[in-house]
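Peer 1: Residue-level listing of the chains:
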Amino acid sequence: MSGKKILIVDDDQHLLLGLTARLKANGYGVVSATDAISAIAVARKEAPDLVILDLGLPAGDGFLVLERMRSLADLLATPVIVLSARDPAGNKQRALDAGVLAFFHKPPDNHEFLMAIRQALGETTALSTFLKT
Amino acid sequence: MISEASGRVNASEYLPAVFPALFPNGRKLVDEGSSADLSPRLRADLLNLDAWGEILTTYGRTIGVAVALIDSEGHILGKCRNAQPVWSLFHDAANDWGAACPFCITKGLPCTAVAEALQTGEVVRVRDQAGLTHVAVPLFLGKQHLGAIIAGQVFDRYPDPLPLRRMAREYGVSAQQLWNVARKQRPVSSAVLQASGDLLCALGHAFLQQRYGAILEANLADTNGQFRLLVEETKDYALFTMDQTGRVTSWNVGAERLLGYVEAEIVGQNFSCIFTAEDIHDRVPDKQLKMASQSGRSEDEGWRVRVDQKQFLADVNITALFEDTGPVRGFAIIIQDVTERRKVAIILEQARQERSRLQEKFLSHVSHELRTPLTAIYFFTTNVLDGLLGDLTPEQHEHLAFALDNVKQLKDMVSDLLDITRVETHKLAVEPQYSSPVRLIAEVLSTCRRNAAMKNISLSSDIASRLPFVWADPARVRQILTNLIDNGIKFTPEGGTVSVASRPVAGDKGFLCLSVSDTGCGISPENREKIFDRLAQVKSTAEASRSGLGLGLFIARELVSRHCGQIWVESELGHGSTFCFTLPVFSLAKLCSHVLNAANLEAGFVVLIAVDVVAVEGTVQEDIVPEIRRVLERCIHAGQDVLLPSMSDAGPVDTFFIVACTNPSNFAVIARRISGELQNFDNASRLKPVISSNTLLVAPGQSMEDQISEITAEIERLVRSHLLGTERLK
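Which chain is which? The protein sequence lines are U and P, in order. Just so we're aligned, residue 1 is where the first sequence starts under this note's numbering, counting upward by one. Just so we're aligned, residue 1 is where the second sequence starts under this note's numbering, counting upward by one.
None of these hints come from the bench; they were simulated from the model. Incorrect hints may have been included.
Covered stretches of chain P, as calculated for chain U (at least 3 residues, CB under 8 angstroms) [said to hold, decoys possible]:
id: 1; segment: 368-375
id: 2; segment: 407-420
id: 3; segment: 523-533
Everything numeric in this text was worked out from a predicted model, so none of it was measured. Don't be surprised by glycine CBs; every beta carbon is placed ideally from N, CA and C.
Chain U on its own, in the form it takes in the complex (with noise of 0.2 angstroms):
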């Protein structure tokens, strides 16, 4: 159990419920934001190590979120990896030249899911094994 903590920005409700017990299982803190606005004051406060931001937000959407972050010092390496029912054509290619780390398309299979986020948190034991070789 890392005890990281992650931010999840998302305006639905039950997404956030669902997802937040996943998380949770696995071991990390969770909280969130349900708009632009409130995901950046949410993010100074609580100082996570790993964004999940989706792009159609009220109040603006995550692109708007990615670009306040990346102006903020204290946000500026924060990891953010995008959920979204966006179309992932011209989405995807956006939202990584914005800085973000992965995409995934709604509904992201767990398990890939999982892997993308622990990647993000620098977590995945995989490669030492490789490094010491």
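Using the hints, position chain P against chain U.
Peer 2: Just chain P now, kept in the frame of chain U:
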């Protein structure tokens, strides 16, 4: 019954000489060799009784015989003219004139004179049992017979009382009365009757020819009249003619209506006055006439000008009019105003585009909106299923597993919807790369296995262990295979088999063919193309009733065609189906063709550069790979070097290969540039590039093709052995 032929009468030979007035210029109106059928209407017209009546009556009275017109079936047309007294007596006494011939007073004995005359073309003379004689005169037009004229009902010698008395008894006529009439009827000798027959034949033919000519002329006049009427009365088209210089020579009502000029003011003017100023400046009118003169016609759609200077969009058709074998005599022009039609077409096209845009927007919106609740359902289901909220009974677990299957189905349908909008808007893109079909098939089989097992269907593959690599988008190939296999499972009854196989494409080494066979119900020939259509679902059995949106095969076809491949089905009703599709085989030679050319190979060296990008910690993120590629693209010389596509999956080490047509001393320059650029790109130092190279010597004295195939084979060998080395590291 006695019949005598008078010898062949060839009317067309001597008639012009006998009746020159009927045959101007001595020309035959009907060609002797003509075999064209005469229409029934023309036949009736030629034998029209109104026309024949007077000539027949006059003839009969002059010669003193009865005359009648017979059609080619042997039936009398109209009445018998100048009927003779003896015949009339019998005719009036008989309730039913049952004789085969209208002139023979003989019951039951058929008179074949008319038939004989028509067959031989000669005048045939006949005497019946009462002693009355008649001749049958055939009527021919060219080689076609129309009917005959019969003339006679006269005694050709002094009447014989004995047979007359017998006939009188037979017909119930008073013998005394008959004898009195017969004695008074004037006999005509057979020689005179024969000569009369020949004369009648000549007359008949002459009249027939004249009549034929008259009918043709009347028809022609009729047609001309109708045509003139058509041209003059046509209001929706401008029809006019011009001489060879383009001066208007005639002008119809439609032209007046459409262009505004009245006939009197436009005739004699050059037709260039209906062109726009720019067209006149560009000499368009002359060009069009020239083209029509050369090729017979010219078509154009463009703006033309009315007399009031208003413009309209015209559909113009110019036809050149030629003399028999001479130069162009003039032109005929047809112009139609298509302004409105074009406007409507534009509006329709706009409406179609708008509808297509709305449809796309709607589908894209639906796909997007369905994903949010679907995601929540997915999370909740998997959370409970994975025991995050406590243990489940086996039954609960089973039911939830079904729920999850359905979520996945729904997710695929939503993805299909999105793909459909991409097809419609031409945005369905594939990103081909170097992919192993063996690995893709194995991946898809492992995900489909559960589905197959649930239906007790055996899923197998019969794949050659070393298939060539393909140049394809792996995610899309997985999608195509999944679609086909799922389809196979869906339409195969329990206990059946679905198998994946590969086969070479006959006659084309550039493609690999993969196939998915099932033991299902099969597809009838008429449906084999249809099933690939959008929303097509051929047969809905109870089993297949939940078979998705019917988009799977449509999307598969679109995806295959975007790989430049083909997809088709081989099937027999009741004996299962085999879906086949082709994918392009990866060819290093094709990829490198633009740099492996004579000029570049002159140096005699090709260098294969391998850049191993090692992640200092973790793995090389897949998302970063395209960025590394972009960096490398910047380091090479586009006209001399090629960055090969990704040959392996990203992992702790990702290898990039460059084929460089350069000599070994230049390699150091490229290597330095690469390390420098990658360092700039990765300022956090999470990546470590290791650059190595192999130099290939180009063997001189071979053909270009041999050199290239040798080089690419060697590169492929080197790439494989290098990847094997890094694979061990993973």
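Peer 1: Under 8 angstroms between beta-carbons, do enough residues of the segment 407-420 of chain P, three at least, approach chain U for the coverage claim to hold?
Peer 2: Coverage by chain U holds for the segment 407-420 of chain P (3 residues, Cβ < 8 angstroms).
Peer 1: In terms of beta carbon proximity below 8 angstroms, does the segment 523-533 of chain P have 3 or more residues touching chain U?
Peer 2: Since 0 is below three, the answer is violated.
Peer 1: Closer than 8 angstroms Cβ to Cβ for three or more residues is the test here. Does the segment 368-375 of chain P pass it with chain U?
Peer 2: Coverage by chain U holds here, the residue count being 7 at a Cβ distance below 8 angstroms.
Of the numbered hints listed earlier, the single one contradicted by the structure is hint 3.
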